[in-house]
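The sequence shown stops at residue 569 when you use this note's numbering, and every number in between is there.
Treat the hints with care, as some may be off.
[To be verified] Label pairs and their calculated CB-CB ranges:
| hint | residue 1 | residue 2 | range |
| --- | --- | --- | --- |
| 1 | E541 | D79 | 56 to 66 Å |
| 2 | E385 | K500 | 47 to 57 Å |
| 3 | N200 | G355 | 17 to 27 Å |
| 4 | D80 | N200 | 55 to 65 Å |
| 5 | R78 | D123 | 20 to 30 Å |
| 6 | N56 | K176 | 32 to 42 Å |
| 7 | K214 | E498 | 22 to 32 Å |
| 8 | K176 | L448 | 17 to 27 Å |
| 9 | N56 | N466 | 40 to 50 Å |
Since the hints were derived computationally from the structure, they do not count as laboratory data.
For each residue, glycine too, the CB sits at the ideal point set by N, CA and C.
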Amino acid sequence: MKAFDLEGNEVFLTEFSSNITCFKIASVNKKQRIELISGALDGLIYVMDTNGNPIWSTELDSVVICMETGDLRDDNRHEIVVGLENQLILGLDNDGSSFIEFKAKEPIIDCTIGDFSDDDIGRIFVLLKSGKVFNVSNNGSSRLVFKLQNQPTCLTLCNFNDQPIMVIGDKHGFINLINPNEEIIGEYKIGKKINCLDNYSISSEQIKKVLLATASKNTITLLKLNKGKTTDHVDRTIKTITRKLPLQALPPERTSESPKITQVDSKPDTTVIPVTPKMEAQNVRVLRGGQIEGGDYLFKVKVVNDGEYNVTDVNIHILSYPEESLTLSRVDGHPEASPDRAKFHKISKGGGFVSPSFIFKPIKDCIKGTVHAVVNFINEKDQIETINVKPHEIRLICGLLKPKTISKEEFENLTRELLTFKKVGEELIIPYNTNQLYQKLILVLKSKNFAIINSEKQEKNGELIGTIKGFAEGTFSKNSVGLELTLTGHKDEQKSTLKVDIFAEDEDMSPHIITEFENAVKPQNCHECEEDLPPELVKKFFSGLPAYCEACGADLHETSEKNN
Numbered sequence: 006m007k008a009f010d011l012e013g014n015e016v017f018l019t020e021f022s023s024n025i026t027c028f029k030i031a032s033v034n035k036k037q038r039i040e041l042i043s044g045a046l047d048g049l050i051y052v053m054d055t056n057g058n059p060i061w062s063t064e065l066d067s068v069v070i071c072m073e074t075g076d077l078r079d080d081n082r083h084e085i086v087v088g089l090e091n092q093l094i095l096g097l098d099n100d101g102s103s104f105i106e107f108k109a110k111e112p113i114i115d116c117t118i119g120d121f122s123d124d125d126i127g128r129i130f131v132l133l134k135s136g137k138v139f140n141v142s143n144n145g146s147s148r149l150v151f152k153l154q155n156q157p158t159c160l161t162l163c164n165f166n167d168q169p170i171m172v173i174g175d176k177h178g179f180i181n182l183i184n185p186n187e188e189i190i191g192e193y194k195i196g197k198k199i200n201c202l203d204n205y206s207i208s209s210e211q212i213k214k215v216l217l218a219t220a221s222k223n224t225i226t227l228l229k230l231n232k233g234k235t236t237d238h239v240d241r242t243i244k245t246i247t248r249k250l251p252l253q254a255l256p257p258e259r260t261s262e263s264p265k266i267t268q269v270d271s272k273p274d275t276t277v278i279p280v281t282p283k284m285e286a287q288n289v290r291v292l293r294g295g296q297i298e299g300g301d302y303l304f305k306v307k308v309v310n311d312g313e314y315n316v317t318d319v320n321i322h323i324l325s326y327p328e329e330s331l332t333l334s335r336v337d338g339h340p341e342a343s344p345d346r347a348k349f350h351k352i353s354k355g356g357g358f359v360s361p362s363f364i365f366k367p368i369k370d371c372i373k374g375t376v377h378a379v380v381n382f383i384n385e386k387d388q389i390e391t392i393n394v395k396p397h398e399i400r401l402i403c404g405l406l407k408p409k410t411i412s413k414e415e416f417e418n419l420t421r422e423l424l425t426f427k428k429v430g431e432e433l434i435i436p437y438n439t440n441q442l443y444q445k446l447i448l449v450l451k452s453k454n455f456a457i458i459n460s461e462k463q464e465k466n467g468e469l470i471g472t473i474k475g476f477a478e479g480t481f482s483k484n485s486v487g488l489e490l491t492l493t494g495h496k497d498e499q500k501s502t503l504k505v506d507i508f509a510e511d512e513d514m515s516p517h518i519i520t521e522f523e524n525a526v527k528p529q530n531c532h533e534c535e536e537d538l539p540p541e542l543v544k545k546f547f548s549g550l551p552a553y554c555e556a557c558g559a560d561l562h563e564t565s566e567k568n569n
């Protein structure tokens, strides 16, 4: 981590053993004192003074997903709230001790501190993966505030027009302003996934403004809200100032490089990204994708109306799916609908959309097959239009595994004797720095439902060697599978060799697991639509240049982060 003064001069450099995921400036240890707080992949919370000297640190044994600071005890000092990968929200006191604990039932996306309504039971608000927002008190109790649609990614609280406002950013690039009555009083479209939000209020006798800062991949946008406008015109009062930041593709870590101040183009990116090649000229476009969530397979179809007229009587129909490994259960949010069909009265013009999820129940450990669907609707000319949804191919095992913890000795015995296990191995060349790939693979292993049995890393003459071992079992068959990842490479090079060894009771599982791990770290196909990527597009991706799938228009950098 580097700190700079107002002229861009480096003040200090502090190196951590793991990548930083969150950072805040607050007065935690002492009143009215500027202190720096960081959270990291290894679960370490670190508090420093402005010279980089440590004040205190604490290890939380889980990846830090989000972090916020605020006065929760009315002591004129800031406490720290952190959201962890293990679905815990913790409140840390001024010395690092924990005084709040809230266990969520699903992954945590973001958290914030503030005041929202008269019904608040505390000042902590937590956003979960499903879109649910919970209000959490200092004793760890909670209440559901509301559930948001459109895959929210971040939230913050501010005061606008003399009322508290919750500001929500989502995956589709929209920012919504929501009041305590759950009414959307303002909306603005950035166009790219909103990664984070923050706000700052400017007040005087003559003027009162709220500034919103957003980050979307390589763009920072400043939004200004002016007081005094009616809610019907809030979105028109928003002004944007955009700075595009240069991208780099996983550069090797350096400890002596001086910071560089770069002048960049301040005009917003207005490039239109095609959704599918066959539908560029149409007013209605369709996206689809799928993922495992809570033991179910979710197949989502998104229908977007970019036209100048509403479309009505919208039907999304599942034609076929791999019935030998899945059963179609229901349509999420449509309790009265038939499981294979979602119906909507209309989709509004100018960017309105619907995005139902079809819920499938797996009945086997290995899902293999294709989902076919069709969309039809009535256009402004009272004519029926039909769009065939691009077939969605499923090749999935890891999402249906369960972590299984065994000792290192048991792992060695099972994989060495190979009495009931079959070994399959493959060696891959990955264009990542070995140290970064090691950290990435630990996260990938967990996301693929493997318990980490052992992990170690060593360096000799600049060469890094890392080994990670994991173990899991099938949800249905209970067949066990062991995984050993061995990676080697020079610490300063952007290339690593990854050897994947699978030890499986059911050897048919091995090729699919190897493919899943290869795709997770070496995106030769699009994570969104699973289409193959041409070599020149892969090269652009690893060069840090903007790269979009030619089949579905997905941002490859965003989909890579989402899947890892």
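Here is what the structure says about each hint:
For the pair E541 and D79, the beta carbons lie near 59 Å from each other, so the given range of 56 to 66 Å is met. Taking 47 to 57 Å as the suggested C-beta distance range, the pair E385 and K500 conforms, at roughly 54 Å. For the pair N200 and G355, the beta carbons lie near 25 Å from each other, so the given range of 17 to 27 Å is met. The hinted window of 55 to 65 Å between D80 and N200 is violated, with their beta carbons roughly 32 Å apart.
In this structure, R78 and D123 meet the distance hint of 20 to 30 Å, their C-beta atoms being roughly 21 Å apart. The hinted window of 32 to 42 Å between N56 and K176 holds, with their beta carbons roughly 39 Å apart. For K214 and E498, the Cβ-Cβ distance of about 49 Å falls outside the hinted range of 22 to 32 Å, so the restraint is violated. About 20 Å separates the C-beta atoms of K176 and L448, a value consistent with the hinted range of 17 to 27 Å.
As the Cβ distance of N56 to N466 is approximately 35 Å, the hint placing it in 40 to 50 Å is violated.
Against the hints set out earlier in the document, violations occur for numbers 4, 7 and 9.
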